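Chemist: Last residue of the first sequence: 533 in the working numbering, with the numbers rising by one and none dropped.
Certain hints may be false.
With a straight-line cut-off of 30 angstroms between C-alpha atoms, the simulated DSS-like cross-links for lysine-lysine are [to be verified]:
1. K123 to K203
2. K182 to K69
3. K203 to K69
4. K149 to K214
Restraint-style ranges between C-beta atoms, simulated for each label pair [what the hints assert, rightly or not]:
5. K203 to N313: 35 to 45 angstroms
6. R101 to G405: 14 to 24 angstroms
7. S415 to G15: 27 to 37 angstroms
8. E168 to E419: 54 to 64 angstroms
9. N313 to S415: 35 to 45 angstroms
10. N484 to E120: 18 to 28 angstroms
11. N484 to E452: 11 to 21 angstroms
12. R435 to E120: 27 to 37 angstroms
13. S504 to W100: 52 to 62 angstroms
Because the hints were derived from the structure by calculation, they are not lab data. All values reported here derive from a predicted model rather than from experimental measurement. Glycine residues also receive a C-beta, built at the ideal position from the N, C-alpha and C atoms.
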Amino acid sequence: MHWSDVIAQRLTERGNDHIIATGITPSGEFHIGHLREILTGDMIARAARRSGLNAELVFVVDNADPLRKVYPFLDKSYEDFIGHQLGSIPAPDKDGKPDWRRFEEEGWSYGDHFLQPFLEALKQIGVEPRLIPNLTSYREGKFADSAKKACDNPDAIREIIERVSGRELPSNWFPWQPLDSKGSLDGLDVTGYNYPMVTWTDKDGNTGESNISKGEGKLPWRLDWPAKWGFNHITCEPFGKDHGAAGGSYATGVEIAAFFGHEPPQSLVYEWISLRGKGAMSSSSGNTVGPIEALRLVPPEILRLLIANSKPNKAIEFDTGMGLVNLADQYERLASRNFDEELSNDSLSRRQRVQIEDAQAALRLSMTTSTQEAKATSVSFRHLALLAQIKPKDEDIWSSLIESGAITNPNSVLSDRLERMRAWIDSEHFPEEMRIMILNEPDAASLGELDEEQRNLIPIIAGELQNAQWTAEGISLAFKNAANSADAPMRSMYRACYAMFMGSERGPRLAPILANCIRDEVCNLAQSCADSV
RNA sequence: GGGCCUGUAGCUUAGUCAGGUAGAGCGAUGGACUCUUAAUCCAUCGGCCGCGGGUUCGAACCCCGUCAGGCCCGCCA
């Protein structure tokens, strides 16, 4: 059974109506790691609906969380905002400086700034969750009940956290973080509590009051999370392994939720995504690939497949090079399979059956809409990468594909893919081994590997090219003439050509590539090869 | 220190919850197509399932131990 169906089955035991929650702090640029959170939730929601449940996906935007530090992409003036809530401070402009104008005129906050592009990527990828800005929930008093219960019984909460997490809380710990007069959550000591007011003093001895029912402050994370499970009626939530460890915030959350008087959601812990060879993704270190950037290179279905086809507890190494090629080709293979036919075979073992069913589910979840049918384009990623490199004009690619019988008409899926393919080829991520390179000078090693017959062809090829008409057909003809005049098989001829022009044993069809190269350079290269053997 | 996750073919992995001959894909190798769109098709090779013990008629799977990697017990998807 696919992992999303396993969770859906557990939800079935729990009831009919479900709210599946995801949540991210908009402290910096979103990356594909965050995509796993949302897509995991989206796939659970789809699986739940498939098994007949009502399921809604929500995205809690944790914009009540404070700014932790001045990240490298921020101007140092953000120093003043440390401890301030992300939804209540201005967004950085293109120089990293606070954009006060937009903040005051439009209310455009730091959190909005980073959230917006992510939402656009989500839309492309087929996910449109209901947004729940957490700061708004505080200001609307949604946290009031839980905050009251916690502040009325600080010792009970303290006991849970200390026992479950095994860490000791400071003696002045209080289950409410008040905002000071400037809007910071940092550095305050709670001095008293009389519902709904919490009194505090800051480092400089200033005192003030905070109303816990109006969001003049926030619950610490370990309470904030279980509290919102309650009033948002969350029944299921996937979260990263950081929250999932024993003694982590889910473990304390389960008990705190019970104390608040509601059931904790069905959990699903997922592993992190790292960037191949570069370690975990992190917004602050700049070691990221954004969802937008990823979508410029590959279609959304393929990004979805990455998540759908990996079990949540498997770490994913995102590889923007050959890994993407393999992933894309895997998608094509899946799309061209006939699963129903495969499953109708009665002699399948239980394992084989499970494997086919999971592949079918993964492909279904890769579609950007749940009703869409996967269609194979019958053109592999590799093939398209090749054509895109040798043919600058899209029409030439379509006519080549039609000629070879791969397609009958160019369609929107293919032209969309070609557009992304060209972006990928132009980017730093395109793998070297996929790049077609015509040599600048003879490659002695490759030429040395040729046998005598092949070596003898080199001067003949060089000569024929001199006289060839410089089109794909003309060059093709020159190759044929060369082979004929030496009475050699075409196979040897091509073997010699690849050694001459690409320094390899095999390669893509040469004539159209050479036709797109400068004639003199190719002829000079051929002549140098002839001279060197 | 306490805990969680991961370890299966060269690579990516399925299978572990419900024990019953270890399955794929990529790569590699060989072949076919009167020869090349790195195509396609066919075949082959490749596994002490991290290691040691235990339970069992039978263990990749359950139990105990151990090694390695990652992570958590302030904050983080």
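Chemist: Each hint needs a verdict: does it hold in this structure or not?
Modeler: Results for each hint:
{"no.": "1", "hint": "K123 to K203", "result": "violated (45 angstroms)"}
{"no.": "2", "hint": "K182 to K69", "result": "holds (17 angstroms)"}
{"no.": "3", "hint": "K203 to K69", "result": "holds (19 angstroms)"}
{"no.": "4", "hint": "K149 to K214", "result": "holds (15 angstroms)"}
{"no.": "5", "hint": "K203 to N313: 35 to 45 angstroms", "result": "holds (43 angstroms)"}
{"no.": "6", "hint": "R101 to G405: 14 to 24 angstroms", "result": "violated (59 angstroms)"}
{"no.": "7", "hint": "S415 to G15: 27 to 37 angstroms", "result": "violated (45 angstroms)"}
{"no.": "8", "hint": "E168 to E419: 54 to 64 angstroms", "result": "holds (57 angstroms)"}
{"no.": "9", "hint": "N313 to S415: 35 to 45 angstroms", "result": "holds (38 angstroms)"}
{"no.": "10", "hint": "N484 to E120: 18 to 28 angstroms", "result": "violated (58 angstroms)"}
{"no.": "11", "hint": "N484 to E452: 11 to 21 angstroms", "result": "holds (18 angstroms)"}
{"no.": "12", "hint": "R435 to E120: 27 to 37 angstroms", "result": "holds (30 angstroms)"}
{"no.": "13", "hint": "S504 to W100: 52 to 62 angstroms", "result": "holds (58 angstroms)"}
Going through the hint list in order, the structure does not satisfy hints 1, 6, 7 and 10.
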